[in-house]
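Engineer: Okay, here's what each chain looks like letter by letter:
2 protein chains.
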Amino acid sequence: MKDMNTRERILETAIELFAKHGFNDVSVRDITGAVGIKESSLYNHFKSKQQLLDEIFNYLDREFSGMSIPEDEAAKLIEVMDPAQFMDMCIMNFKMYFGKPRLIKIWRIVSIERFRNARANEFFTKNLVDYPLLYQSKVFEAMIKKGIMVNADPKVLARAFYSFILFIYMRYFEVDSSEYSITEADSPEAVNPVDSPEIQEMIKGHMDFLRRAFTV
Amino acid sequence: MKDMNTRERILETAIELFAKHGFNDVSVRDITGAVGIKESSLYNHFKSKQQLLDEIFNYLDREFSGMSIPEDEAAKLIEVMDPAQFMDMCIMNFKMYFGKPRLIKIWRIVSIERFRNARANEFFTKNLVDYPLLYQSKVFEAMIKKGIMVNADPKVLARAFYSFILFIYMRYFEVDSSEYSITEADSPEAVNPVDSPEIQEMIKGHMDFLRRAFTV
DNA sequence: GTCTATACTCTGATAGAC
DNA sequence: GTCTATCAGAGTATAGAC
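So the sequence lines, in the order shown, correspond to chains A and B.
To get our numbering, take the position in the first sequence, counting from 1, and add 20.
To get our numbering, take the position in the second sequence, counting from 1, and add 20.
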């Protein structure tokens, strides 16, 4: 925080507090108090409290702008991976993605605000649920055609895999996140719930189950 | 609403509005305005706005008080059911449970408030996630012992089944619930998203997949 | 039990001096 | 760009007449 300018410090503090208490339960006074400036000073950097949330979502937008599905990516992937390897990769990506303290906080804001905020709802539905399912079902479809995966509806298989990941997110990131994900902005190495032994074992168990079920 | 006394009308209206906008975004004025009384009149029936939420959660508590696990229920169940029939029963229960308009609204309140409210968080974690998983894994364990289910960790199997149910809840009850579940208090037959053809097909697909994967 | 009137607090936001 | 001072509005809640 020390090396940030005031605007950045306001934004980081807002992310921290919104992730902890939700947008509505954090006042401009709370934010500026934590930053160490007066309320009115915030308005030299942001035109309103709402703009803080907008900027946070803009950042998420930018993070996701690079995530489109190249039509031929599935074809490339199946040349070097079997279903189990692909799923391991997905979990690695998930861990890396939600291992970034800043992103995990922003996703928690999305989770909290999705019932009130249309943009948060869209992020959640599209980027956290529907897009991954679509991507995985395309890869699975290609693997079925190649004959290295059981012949079934690829969408069903994608849901069998990814609904478990969402379960982990819902149960251990959203619900228990006060325990894990909300860390001081100054401590870069946040404890990732996925790294805990119990969840590692849950994931391993599920992967073993799916490896068997997905085999031809 | 016509045949209710004022206290009941206030409570039903509060459930309706909290489910739509969340506790914080509904004012006492909103509630009393919808009921057709003055703000101050509410305090003849409830000592505070907070008490409204408490009463709603008390109702949920009562609904769940009858739901304990008899130690021998799993034994009884497996005498008459195979894994597929048991899972169908679970889904039926889920549909019936979330088909009641009042309960679906209250669960939406739980989903919204669980990030802020410790009691809501506990309801969600215990009654919606952990308890069903425990119950199912016990039944699956008995079925494995009986030899009518694949020999695997029953907890893994329960998660494979129930994380999909939670996915349906998360994706179609929570996220899209403005479309389906929030109905006028006067219309008793709320449209249940689970009854839609798409979701019926998702469930059927997943059940076919699991029937095969759970077979010895 | 319902009303009118009002108290008090907190909110986001602005004006203008420095 | 930060401060002091201030504002209007909305929030929950209470007192007391009817």
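Hints were generated in silico from the structure; no laboratory data involved.
For clarity, every value in this text was computed on a predicted model and none was experimentally measured.
Any given hint could turn out to be false.
Since copy identity is lost for identical chains, a pair holds within one copy or between any two.
Stated by the list, open to error - Below, computed lysine to aspartate or glutamate pairings styled on EDC-like, alpha-carbon distance capped at 20 Å:
id, residue 1, residue 2
1, Lys22, Asp228
2, Lys224, Asp74
3, Lys224, Glu59
4, Lys146, Glu99
5, Lys58, Glu32
6, Lys158, Asp23
7, Lys96, Asp74
8, Lys69, Asp45
Engineer: Work down the list of hints and note, for each, if the structure agrees.
Structural biologist: Structure-based check of each hint:
no.: 1; hint: Lys22 - Asp228; verdict: neither (46 Å within a copy, 57 Å between copies)
no.: 2; hint: Lys224 - Asp74; verdict: neither (38 Å within a copy, 40 Å between copies)
no.: 3; hint: Lys224 - Glu59; verdict: neither (49 Å within a copy, 55 Å between copies)
no.: 4; hint: Lys146 - Glu99; verdict: neither (28 Å within a copy, 43 Å between copies)
no.: 5; hint: Lys58 - Glu32; verdict: within (16 Å within a copy, 42 Å between copies)
no.: 6; hint: Lys158 - Asp23; verdict: neither (44 Å within a copy, 54 Å between copies)
no.: 7; hint: Lys96 - Asp74; verdict: neither (37 Å within a copy, 55 Å between copies)
no.: 8; hint: Lys69 - Asp45; verdict: both (12 Å within a copy, 16 Å between copies)
Comparing the model with each numbered hint stated earlier shows that hints 1, 2, 3, 4, 6, 7 do not hold.
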